[in-house]
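Whenever a hint applies, use it, and build me the whole structure from the sequences.
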Amino acid sequence: MTLLAQSQLQETFELNIGPQHPATHGVLRVKVIMDGEYIVKAEPVLGYIHRMHEKMGENRTWNQFWPNLGRLDYLSAIAYNHGYAGLLERAMGIEVPERAEYIRVITVELNRLQSHLLWFGAFILDLGGFTPLMYAFDEREQILDLLESVTGSRLTYCYFRFGGVYNDVDDDFITGTRAFIKRLRPQIPMYHDLVTKNVILMERLVDIGHISADMCRKYGATGPVLRGSGVNFDIRKNEPYSVYPELDFDVPVYHECDSMARYMVRMDEMEQSMRIIEQALDKMPDGPVKAEKAPKILKPPKGDYHFAVEAARGTFSMRTVSDATNTSYRMRLRSPTYSNLSLFEEASRGMLLSDALAFMGSLDLVIPEMDR
Amino acid sequence: MLASEGLPPQKEVVEEVQAAEEGEVDPKAKKKEEEKPRENGLLETDYAKRGFHLDVQVNPDQVVRSAEILDSEGMTMEMVTGVDWLKDGQFEIVYDYSFTGGELFRVVVRCRVDREKPDVPTISEVFGGANWHERETWELFGINFVGHPQLERFLLPDDCDYYPLRKDFKL
Amino acid sequence: MGTESISGIETSVPSSIVQFHMLDQLRALARANSLWPMTFGLACCAIEMMSAGAARFDLSRFGAEVFRPSPRQADLMIVAGTVNKKMLEPVKILYDQMTEPKWVIAMGNCAISGGPFKFKGQYNVIEGVDSFLPVDVYVPGCPPRPEALIEGILELEEKITGTRRWPRVKPETAVKG
Chain A
1 MTLLAQSQLQ
11 ETFELNIGPQ
21 HPATHGVLRV
31 KVIMDGEYIV
41 KAEPVLGYIH
51 RMHEKMGENR
61 TWNQFWPNLG
71 RLDYLSAIAY
81 NHGYAGLLER
91 AMGIEVPERA
101 EYIRVITVEL
111 NRLQSHLLWF
121 GAFILDLGGF
131 TPLMYAFDER
141 EQILDLLESV
151 TGSRLTYCYF
161 RFGGVYNDVD
171 DDFITGTRAF
181 IKRLRPQIPM
191 YHDLVTKNVI
201 LMERLVDIGH
211 ISADMCRKYG
221 ATGPVLRGSG
231 VNFDIRKNEP
241 YSVYPELDFD
251 VPVYHECDSM
261 ARYMVRMDEM
271 EQSMRIIEQA
281 LDKMPDGPVK
291 AEKAPKILKP
301 PKGDYHFAVE
311 AARGTFSMRT
321 VSDATNTSYR
331 MRLRSPTYSN
341 LSLFEEASRG
351 MLLSDALAFM
361 GSLDLVIPEM
371 DR
Chain B
1 MLASEGLPPQ
11 KEVVEEVQAA
21 EEGEVDPKAK
31 KKEEEKPREN
41 GLLETDYAKR
51 GFHLDVQVNP
61 DQVVRSAEIL
71 DSEGMTMEMV
81 TGVDWLKDGQ
91 FEIVYDYSFT
101 GGELFRVVVR
111 CRVDREKPDV
121 PTISEVFGGA
131 NWHERETWEL
141 FGINFVGHPQ
151 LERFLLPDDC
161 DYYPLRKDFK
171 L
Chain C
1 MGTESISGIE
11 TSVPSSIVQF
21 HMLDQLRALA
31 RANSLWPMTF
41 GLACCAIEMM
51 SAGAARFDLS
61 RFGAEVFRPS
71 PRQADLMIVA
81 GTVNKKMLEP
91 VKILYDQMTE
101 PKWVIAMGNC
111 AISGGPFKFK
121 GQYNVIEGVD
131 SFLPVDVYVP
141 GCPPRPEALI
151 EGILELEEKI
161 TGTRRWPRVK
171 PETAVKG
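Residue numbers (the working numbering), protein chains in the order written: chain A, 1 to 372; chain B, 1 to 171; chain C, 1 to 177.
Rather than coming from a laboratory, the hints here were simulated on the basis of the structure.
What you are looking at is a predicted structure, and each value in this text was computed from that prediction instead of being measured.
Note that the Cβ used here is the ideal one computed from N, Cα and C, for glycine as well.
Mixed in with the good hints, there may be bad ones.
Unchecked claim - Below 27 Å or equal to it, Euclidean Cα-Cα: the simulated DSSO-like pairs (lysine-lysine) are:
id: 1; chain 1: A; residue 1: Lys302; chain 2: A; residue 2: Lys31
id: 2; chain 1: A; residue 1: Lys296; chain 2: C; residue 2: Lys85
id: 3; chain 1: A; residue 1: Lys290; chain 2: A; residue 2: Lys302
id: 4; chain 1: C; residue 1: Lys118; chain 2: A; residue 2: Lys31
id: 5; chain 1: A; residue 1: Lys302; chain 2: B; residue 2: Lys167
id: 6; chain 1: B; residue 1: Lys49; chain 2: A; residue 2: Lys293
id: 7; chain 1: A; residue 1: Lys296; chain 2: B; residue 2: Lys49
Stated by the list, open to error - Have a look at the derived ranges for each label pair, beta carbon to beta carbon:
id: 8; chain 1: A; residue 1: Pro240; chain 2: B; residue 2: Gly74; range: 13 to 23 Å
id: 9; chain 1: A; residue 1: Thr196; chain 2: C; residue 2: Leu23; range: 51 to 61 Å
id: 10; chain 1: C; residue 1: Pro171; chain 2: A; residue 2: Pro240; range: 43 to 53 Å
id: 11; chain 1: A; residue 1: Asp193; chain 2: C; residue 2: Pro171; range: 22 to 32 Å
To be verified - Just so you have them, the derived chain A footprint on chain C, three or more residues with Cβ under 8 Å:
id: 12; segment: 46 to 57
id: 13; segment: 77 to 90
id: 14; segment: 126 to 134
id: 15; segment: 137 to 151
This is the structure in structure tokens:
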């Protein structure tokens with residue numbers, strides 16, 4: 001912190017990054033006060049893609065709100081679907097058929113895989129390597145094909161329903177998914193060979209962007225950011241929902257607290273997601289995919305409800321206040337990157353500007369999810 | 001400001017509608033009938049039904065103390081939410097706390113403030129992450145977090161003069 | 001001499017020695033086949049824009065893969081996502097910073113009309129970028145598939161050159177195939 005003390009005496013200048021900047025992955029703006037190449041203060045400015053999701057939650061009926069869930073975090077849209085389905089199922093006490101739960105888990109994990117793949121490509125692109133993006137997108141398109149065959153859309157999924165899923169998966173999907181996992185599994189070690197051991201990457205990630213576990217707690221950071229700081233926390237394990245307790249998987253945890261740790265957590269999570277999908281495909285029973293007694297008109301009892309899921313970027317939780325009508329009285333969406341980015345100001349103090357952008361990439365930001 | 005100008009006439013209408021509804025439906029007899037705003041105190045809730053274990057309502061001046069207690073327990077602040085109870089003439093501020101790591105235990109702390117004078121102390125000194133949440137709640141509801149370091153426009157343009165999530169908001 | 005030969009000259013040789021028309025055509029052809037879009041992702045549609053540029057869809061087949069982060073190097077602004085009141089000014093500034101000639105594609109329903117975020121009493125979304133930008137091609141969808149964006153770029157090429165260089169895919173054959 002001698003640097004900060006010095007900066008009081010020296011001349012500083014203000015630098016504006018964004019809202020149109022390739023390294024911010026969207027329309028994030030960061031106001032930075034610089035001392036030479038070093039950051040004195042970096043303040044993110046949000047709101048350039050605020051789309052009134054919470055307001056829409058109040059004036060749409062429960063069913064009409066479904067499409068919004070696909071457009072919040074468009075990279076892990078199915079996990080957000082899961083959060084909303086779980087919320088109302090908790091409020092109304094709807095039982096979900098077991099097959100539907102397995103289909104949910106399979107699609108969520110496929111979605112998580114494509115999210116991490118895209119992050120991998122885009123993150124390395126930020127650091128200057130172009131080729132991994134093409135590899136990652138090649139794999140990602142395979143997942144999108146699979147998901148499109150069951151959900152009907154490529155990106156903004158609206159697949160879940162209260163009490164199940166929209167339609168059943170067919171044999172093509174199951175065999176296709178198995179074939180895809182067989183194809184992706186050897187790719188991940190190849191990515192490690194191609195990218196992870198690269199000296200330039202190590203120089204840019206190791207010991208950069210240190211976030212301690214306590215800072216994560218104070219700011220409410222979750223997901224791979226928290227797990228890269230040595231905290232073993234995953235909603236799928238710590239607050240089990242759906243059929244995750246019946247599946248055997250590990251939570252990758254790294255204790256280095258730097259950007260490299262967050263990178264490694266996500267790479268390892270891909271392997272775990274594949275394990276989950278394989279087990280779920282094996283265990284998936286036959287049966288209906290929608291609850292038969294699911295009510296057509298939804299009026300949850302008065303009171304407030306809370307439900308949390310593990311999305312690709314961390315804990316996504318929803319809190320709704322119901323007044324026993326067909327719309328929500330208040331819909332609060334807690335998106336993970338909102339909290340993850342809020343520690344940026346503190347963590348980036350005294351960092352080189354180029355390191356700060358690499359650090360920002362390691363947080364895996366999706367801006368429309370933050371602004372909501 | 002703009003939003004509060006249209007307040008008095010609408011408030012009456014909503015009260016009437018709400019009163020009529022409660023007379024007819026009356027879903028949860030005891031809790032809803034006696035009084036609209038709940039008494040301060042501690043309530044254990046059914047996790048399977050609600051999604052949290054403990055529901056605490058406190059006075060606004062106890063909010064910071066509650067945050068300090070939960071902080072010393074090692075909990076994290078998950079989100080801050082505002083709710084506009086137009087019929088009661090009150091705002092409710094809801095704080096969600098949980099453990100990251102360790103056992104599963106979710107605590108909800110809520111407090112109510114008068115709609116005309118919505119002042120509540122900030123907890124951003126205790127939890128840094130509350131800074132953005134409170135700023136957003138101020139922006140969308142107009143709830144004033146006393147002592148907050150930076151109550152400026154956040155998600156909306158700098159020049160807007162309305163609180164969009166208030167129930168009497170009309171553009 | 002005589003009217004006959006004059007009319008013959010008129011049809012075969014232009015009235016002026018400097019032939020601007022053909023030069024213009026040539027320039028238009030060159031421009032249409034090397035459109036440089038700006039890296040300008042706003043929301044969900046930006047991911048499909050990335051997909052269009054990446055491995056499978058390979059926008060470089062049509063010369064439009066050179067995404068430029070700086071507006072001063074770009075010819076084409078693909079408005080891929082929702083524009084809200086706070087983003088309105090930056091978008092205008094970006095458009096003004098682009099050098100002539102420049103074109104705009106409104107990608108996705110949000111950019112066309114506000115899309116799913118248009119409802120009664122909404123307070124933050126601009127309902128269509130054509131209210132402040134001259135839009136050349138609209139690509140509907142929420143989000144549009146990468147093929148749709150490529151088709152939009154081909155439409156823009158047709159608009160620039162006046163002729164369609166690539167065959168048009170008929171919906172019937174696409175469904176059967």
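Results for each hint:
| no. | hint | in the structure |
| --- | --- | --- |
| 1 | Lys302(A) - Lys31(A) | 43 Å, violated |
| 2 | Lys296(A) - Lys85(C) | 37 Å, violated |
| 3 | Lys290(A) - Lys302(A) | 25 Å, holds |
| 4 | Lys118(C) - Lys31(A) | 31 Å, violated |
| 5 | Lys302(A) - Lys167(B) | 18 Å, holds |
| 6 | Lys49(B) - Lys293(A) | 18 Å, holds |
| 7 | Lys296(A) - Lys49(B) | 20 Å, holds |
| 8 | Pro240(A) - Gly74(B): 13 to 23 Å | 21 Å, holds |
| 9 | Thr196(A) - Leu23(C): 51 to 61 Å | 53 Å, holds |
| 10 | Pro171(C) - Pro240(A): 43 to 53 Å | 47 Å, holds |
| 11 | Asp193(A) - Pro171(C): 22 to 32 Å | 44 Å, violated |
| 12 | 46 to 57 | holds (count 8) |
| 13 | 77 to 90 | holds (count 6) |
| 14 | 126 to 134 | violated (count 0) |
| 15 | 137 to 151 | holds (count 3) |
In summary, the numbered hints that this structure violates are 1, 2, 4, 11 and 14.
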